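Enquirer: Heads up: the protein sequence lines correspond to chains U and F, in order. Counting from 1, one number per residue, gives the positions in the first sequence under the numbering used here. Counting from 1, one number per residue, gives the positions in the second sequence under the numbering used here.
It should be emphasised that the hints constitute simulated quantities derived from the structure, not laboratory data. Since the model is a prediction, treat every value here as computed from it, not as a measurement. A few of these clues could be false.
[Unchecked claim] Cβ pair distances, simulated, as ranges:
1. U/PRO240 to F/GLY139: 45 to 53 Å
2. F/PRO233 to U/PRO240: 55 to 63 Å
3. F/HIS348 to U/ALA178: 43 to 51 Å
4. F/LYS162 to U/GLY81: 47 to 55 Å
5. U/ALA178 to F/GLY150: 31 to 39 Å
6. U/ALA178 to F/GLU95: 44 to 52 Å
Ideal placement from N, C-alpha and C gives every residue a C-beta, glycine not left out.
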Amino acid sequence: MANWVLKGLRTGVKSSAYPNRPDDAPGVSPGRPMGTRLKSPTAADELVARCPTQAIARENGGIAIDQGRCIHCSRCRRHVGEAAAWEPGYEWAAQTSDAATALRKLAGMFGRSLHVRFVDAGACGACMSEARQINNPYYNMHRLGFFITPSPRSADILLVAGPVSDAMRLPLRKTYDAMPTPKRVVAVGACAASGGVFGPSFAALGGAAEIIPVDVVVPGCPPPPLAILHGLLVAVERKPPSALVSAAPRPTTGSA
Amino acid sequence: MAMLDRIDDDAAGAASFPELCRSRWRGEVVATLDEAQRACRVECGPAHLRDLCQWLTRDLDFAFATLVVEQTPPTGWSLLYAFYKDAKSPWVHVELKLDAAVSAVPSIADLFHGPSFDWHEREVEDLFGLHFEGHPRLGEFILHEDWPEGVNPMRRDFDARKRFEPRAMEPKWEPPTIVTAPGAFAMPIGPVFSDFAESAHFLLESVGEDVIRTIPRFFYKYRGVEKIAEGQPADRALLLAERFSGIAAFAHGLAFCQAVEAICGIKPPPRAQALRTVFAELERLRSHAAAITGICNSTALAVATSQAALIEESLLRLSCEITGHRYLFGSVVPGGMACDLSAMDCRHLTDAVFGIAQELRSLLQMLRYSSSFLDRLEEVGIVTEDKARSYGLVGPIARASGVARDIRKLFPYAAYGSVDLSVPVEQEGDGYARLRVLFAEAEQSAAIIGGVLSSLTEGAVRADHVRLRAGAALMAVEAPLGAAFHWLRLDDDGKVIRYRVTPPSFTNWHGFHLAAENFAFQDFPIILASFGLSNAECDR
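Could you put together the complete structure from these sequences and hints?
Expert: Here is the structure:
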């Protein structure tokens with residue numbers, strides 16, 4: 001057993017510097033497409049046509065991205081005339097509009113300790129895996145005061161992944177109902193945000209918001225662990241939220 | 001007859017197999033060789049299905065791969081039972097054509113190898129509404145109790161986009177229990193767990209501390225992938241193939257792309273084939289590291305869990321650095337690869353994987369000498385070789401029970417033909433055997449990556465002309481969790497008519513109850529982790 005202690009000590013501290021400082025280690029995040037100004041007049045049409053989930057819309061002579069629909073297929077940046085701008089980073093979590101006021105009022109009550117319940121509502125496994133990583137030594141959510149709770153009765157936050165498959169509607173609803181108020185729902189991944197590639201259909205809904213009120217959306221397919229941590233931090237107002245739609249930058253007037 | 005039943009490998013060779021079939025069945029079946037697919041088509045009637053499947057599995061040692069049902073209006077139904085054996089034998093496609101008016105098929109789930117057909121029959125009954133005569137447990141399988149009777153979503157006339165009105169009724173699942181001792185009770189676990197676990201439900205029949213048997217229930221995550229793929233262009237359906245099981249996205253994406261390539265006669269360039277091998281092994285390495293993390297975690301060995309989790313995360317970061325996606329989404333396309341590796345990427349990948357292999361070796365070495373850890377894995381969750389064969393189990397679980405089947409070795413795809421692969425096999429079939437197989441395969445994956453990258457040829461990574469055409473193909477790949485079978489039928493415009501996936505988790509979850517019998521309650525998470533299966537992959 002002493003071997004394990006030594007091994008642990010030799011490994012040293014691996015925790016990410018986030019949220020105190022940005023974590024720019026290579027590979028922590030795949031990045032994501034952002035609203036882009038395009039030079040060619042036909043480029044926007046090409047990108048809109050390329051996008052399999054209608055996440056791209058024409059705007060201001062460029063494109064805007066609906067992050068809740070984006071499934072990170074990279075088709076807007078590979079083998080295209082003009083590619084969408086790809087931004088590194090992971091602070092992706094956005095508040096849903098009606099939650100903003102409620103959040104502000106209640107954030108103080110949660111303070112620094114937060115108990116999280118996770119429900120898999122038909123997630124593909126990648127979101128599950130990324131959510132699991134926030135427990136690993138790199139991301140170590142415990143240092144931020146986040147804990148997984150074994151019972152919905154003591155949960156403050158419900159983490160949902162997946163488009164909500166038919167058979168998971170009831171378990172999801174029941175878990176939410178079993179949680180005491182005040183409570184927050186964080187939807188993780190494109191499927192939980194918009195149904196992703198699966199919903200809405202006969203077997204899945206178009207996201208968690210169809211069953212329960214969602215306060216924070218963490219877009220991405222899958223969102224990397226730091227984006228999920230950002231989602232939890234946004235839910236308790238320890239970090240500012242990002243926008244769900246990345247608008248095309250406005251044309252700057254008078255520049256050289 | 002006895003002589004014909006005992007044939008050697010050479011006699012079962014591709015050319016002679018139809019001969020063998022014809023002489024054994026004397027005009028009762030029609031056997032033809034399909035050179036293109038290297039498969040022998042055997043058309044038979046319902047009267048001979050049983051004996052034919054018995055003959056293939058019991059006498060000739062074929063393994064059952066998948067059952068593909070197609071509704072073929074106006075004629076009726078076509079059922080294809082696909083069997084495979086080894087590189088010398090052709091695939092055998094047993095085809096059963098049924099009239100539209102027929103709604104019953106003989107069940108073959110009670111044969112010795114019947115368990116491997118069992119879940120396929122139940123699935124078809126649920127989704128197509130075809131009845132399997134003689135099957136003891138039909139209904140309420142994929143579609144749970146509150147699903148309306150008589151609505152079969154895989155039928156042609158069912159609209160996949162149509163949403164069902166929310167049904168308020170509370171489902172009540174009452175499977176037959178067998179334990180009747182005084183004080184016996186059934187303990188439900190799931191579908192929502194206290195950790196980051198996938199949705200599934202387990203009913204543990206117990207008389208106290210010891211669990212007598214486990215009744216699992218899946219398909220909480222059924223998203224109808226096969227149905228919603230219908231009518232979609234191939235490149236859109238590829239997104240579904242990748243995303244129905246995100247942790248094995250590359251393997252399933254690859255199988256789908258290979259099916260498209262087989263249909264359309266596309267040959268990916270050699271560099272693409274080599275890169276596919278590299279990425280497939282990178283995914284396996286990551287998946288096995290995740291499974292090892294899960295096993296360490298289930299035994300509450302905290303430092304080992306952290307060490308394995310660090311390895312897993314570094315592999316995720318590595319994948320992201322070289323392909324732009326932590327789970328390799330979007331890297332494989334019909335005709336080749338969507339991304340290439342620079343010389344620098346290759347060096348980085350080689351070095352990183354070499355380092356990770358060393359860390360895994362040192363982790364295994366430490367685990368080997370942790371008696372408290374071994375105590376919890378050894379002789380826990382045993383699957384015997386006989387059972388593994390009759391259930392047709394695949395992947396590391398089968399290989400830990402003495403079944404040395406590996407699709408990469410049997411039917412080499414991508415660049416596996418030029419890889420020297422020895423299949424790691426263990427005999428005990430317990431949790432520790434499964435752990436050792438995971439470590440051995442992870443080590444081998446690292447070696448394959450290094451080997452393929454060292455001899456990587458220059459050139460394009462994508463075929464020039466990808467023109468889609470109508471046709472059908474069945475493709476097999478060795479996904480991280482085992483053999484995955486993808487059947488695809490495209491129309492003239494390259495749109496999907498029928499897509500059928502038999503993922504390894506579907507095959508192996510069926511055998512889970514074998515390992516979860518007569519055990520102490522606290523071992524349940526360990527048995528679960530040593531199987532390391534994915535519900536997303538199983539449920540589709």
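Enquirer: Does each hint hold? Answer for all of them.
Expert: The hints, checked one at a time:
1. U/PRO240 to F/GLY139: 45 to 53 Å: holds (52 Å)
2. F/PRO233 to U/PRO240: 55 to 63 Å: violated (40 Å)
3. F/HIS348 to U/ALA178: 43 to 51 Å: holds (48 Å)
4. F/LYS162 to U/GLY81: 47 to 55 Å: violated (38 Å)
5. U/ALA178 to F/GLY150: 31 to 39 Å: Cβ of U/ALA178 to Cβ of F/GLY150: about 34 Å, so the range 31 to 39 Å holds.
6. U/ALA178 to F/GLU95: 44 to 52 Å: 51 Å Cβ-Cβ, so the 44 to 52 Å window holds.
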